[in-house]
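Following the hints, put chain B with the ligands in place on chain A, whose structure we already have.
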Amino acid sequence: MTSIKQELRHASKATREDVFGKVITYCCVAVIAVLVISILYFIASRGIATFTVNHVSLWSFISQTSWNPGLLDAHGQPQIGALAMMVTSFTVTILAAIIATPFALAVALYMTEIAPNRGARILQPVIELLVGIPSVVYGFIGLTVVVPYIRHLFGGTGMGILAGTLVLFVMILPTVTTLSVDALNALPGYLRDASLALGATRWQTIHKVLLRAATPRLLTAVIFGMARAFGEALAVQMVIGNAVLMPHGLVTPTATLTSQLTTQIGNTVMGTLPNNALWSLALVLLVMSLIFNLLIRFIGKRGQLS
Amino acid sequence: MSMLTTENLHLYYGQKEALKGIDLAFEAQTMTALVGPSGCGKSTLLRCFNRMNDQVSNAKITGSIWFDRENVNGPAISLVTLRQKIGMVFQQPNPFPFSVYDNVAYGLRLAHSLPKAVIDERVETALKQAAVWDEVKDHLTENAMGFSGGQQQRICIARLLAVLPKVILLDEPTSALDPISSAKIEATLMQLKRDYTIIIVTHNLQQAARISDRTVFMLDGNVIESGPTQTLFMTPENQQTSDYLNGKFG
Ligand SMILES: Nc1ncnc2c1ncn2[C@@H]1O[C@H](COP(=O)(O)OP(=O)(O)OP(=O)(O)O)[C@@H](O)[C@H]1O
Ligand SMILES: [Mg+2]
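Protein chains in written order, with numbering that gives the first Met the number 0: chain A, 0 to 305; chain B, 0 to 249.
Next up, chain B with everything else stripped away, as it sits in the complex:
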């Protein structure tokens, strides 16, 4: 059974239709890459899954998104739980200007008051999963803003892993980073995809080919083609997909 499914998902920013009927299914323990030219609606789609579009006052959504048999847009859903189960990593590393420890513990402290020992342990586990523990373990009380961009991004990944999500959404997580930091993030994600459902937006087609299991090609609010990454890159069925992959537009 799929972890996340969209059914005839439309999103309007005022009059502008940014998503024009998306039907997709995302499997557990797979990494899916969303690719497509700028403005095709990748970020918009990603932000539907954790309801971040609620922040946009003129955004209107029709259709449904099923997360483990629960309708994400339904009235009964708890936004707090939803966003803890579906975590998001942004393009710009965005740690809070607090200590590394406080950053990672932030989500944990929101819902319940856990004993300090439990928080300590979850923070350590999360930082290890995000493969940044060795670099920060002696600096947990230092301000997270003082670390390199790549380290900050992995601290942000740890911050969402600490609340035990099922799905991780990443919106161009490496596009603000140098190649070495990007490679480290990619390695981290390769580790994480064994346990999580990962959806990553990227403009870097090599990156999509390197790390994703499935790829979705979007154009102008529509899904043009989706399938296993290998197949989509080697033998695209659609002419537009093939043009995009060959750098003819985008």
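This is chain A alone, in the form it adopts within the complex:
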């Protein structure tokens, strides 16, 4: 009797390992949490400084199009209007998503429904390859192939939203495709059987049942792609033209939030207005990625309910 009691009260090796594992896990989580919070704090405090320390009005930041943080205008005000960059960022993001989605869906359907074995065997490595190509290479191809072609077709420099969109379209295609494949694979097989057994053709089954049932996750896939497009800097910077001007069409040079950040951050001094103004752009990017995240969560929740 006593021996059982003793044994019961004695912490076993497994229990000690359990505690040890827990401690390590919590430590790692704590480190990451501190890291994330400090990054958020840093960007936010710098980004807000433009408005609190340098007294730029928030309204002119989001509604004006002239961007020249180093100079004062006729009224002695610094020219900090980010509207042109925001418009360009959103336009390339949305256009890239609009072009990429049908291709991604077609490839995903081919890989999951139409030729699950052959399709996946050939296309899976292709997609992985596309993911693995560094963004500078995409930008380089854009610069040497896409831009001259656009210049040839439309005149001008060839740089601008169209070039940026085309480069981003190829860059987000693998992301959207992979997530769409996951979305379709996650559908229970019985949906397919149920639809076929009611006399539906394969195509009817795909578009009336499978795509519909997978809609929340497919939307999530598209938003992930948009988040990637919105945040991509290097490749876009190489083909967008880098002139902070309101775009007057798809082929005029302009700049995105990210391209402006990467081209200018080295030219400013920490703590000055031009530097703070760039941090404000970074803050906009951060807020947008937060919004993308919330959107994904929201849609995910809705998907579970329905």
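Hints are computed from structural coordinates only; laboratory data are not their basis. Predicted model only: the values in this text are computed from it and were never measured. It cannot be assumed that every hint is accurate.
[Unchecked claim] Computed list of lysine to aspartate or glutamate pairs in DMTMM-like fashion (alpha-carbon distance at most 20 Å, straight line):
hint: 1; chain 1: B; residue 1: Lys165; chain 2: B; residue 2: Glu26
hint: 2; chain 1: B; residue 1: Lys84; chain 2: A; residue 2: Asp192
hint: 3; chain 1: B; residue 1: Lys192; chain 2: B; residue 2: Glu26
hint: 4; chain 1: A; residue 1: Lys207; chain 2: B; residue 2: Glu141
hint: 5; chain 1: B; residue 1: Lys15; chain 2: B; residue 2: Asp53
hint: 6; chain 1: A; residue 1: Lys207; chain 2: B; residue 2: Asp101
The following block gives chain B with the ligands in isolation, referenced to the frame of chain A:
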């Protein structure tokens, strides 16, 4: 005349012969139970009737199945019509993750565009026939996945009744359900067999005895014995049938 007849039906999965020459006739307005140990080919046989084995790439069928004088395996047959005339209920309730209404209307909307009033009426009739109308009538726009397993299964039955089938195939429709839900499904089927030809696969011999008119005992791809349920259960002719019914194997 029989509603469904099989003649020397063989089915091969690659090299494996899963059905070894089945000759059966299924009468209209009767419920036939298919019983037999696991792996004897009950589901395979059932899936021959609505050509669901077409989905299995290595399945090869010889012999014929006559559905109202039409060869089910013939080249002229329209799969869409065949599957609307011969509906299937699966072991796991498998409603679409849509509203109850959209589930039941699904088959109706596939073939032609019917006026909304007609669809409304057919949906209501089907849900009533499946004895689930009272439970869902105030929730037609709610997601079918939110209902209990038994309700889902009856929604699935309504879904196939809406396209006006002649034959209903059921593959262990109650084995994933609790006893009360099972009893409700059984009651529903007892109602339906007045108007439809029903073939039900079941591992529950009491269930077969309770609700079926005829029973077919299969073993290893062969039909060992078939006949009126009463006769087969009380006085089986074959020793293997008797052993199975007495729980000696299976
Ligand atoms: N897609 C397939 N490919 C190869 N063999 C298969 C396939 N489907 C079924 N089989 C085999 O065919 C035989 C009959 O299977 P079937 O599913 O018809 O049995 P069953 O009587 O329905 O069994 P259970 O009572 O377990 O559902 C089994 O031996 C099974 O392993
Ligand atoms: Mg089976």
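Do the hints match the structure? See the list:
no. : hint                   : in the structure
1   : Lys165/B with Glu26/B  : 11 Å, holds
2   : Lys84/B with Asp192/A  : 16 Å, holds
3   : Lys192/B with Glu26/B  : 11 Å, holds
4   : Lys207/A with Glu141/B : 18 Å, holds
5   : Lys15/B with Asp53/B   : 16 Å, holds
6   : Lys207/A with Asp101/B : 11 Å, holds
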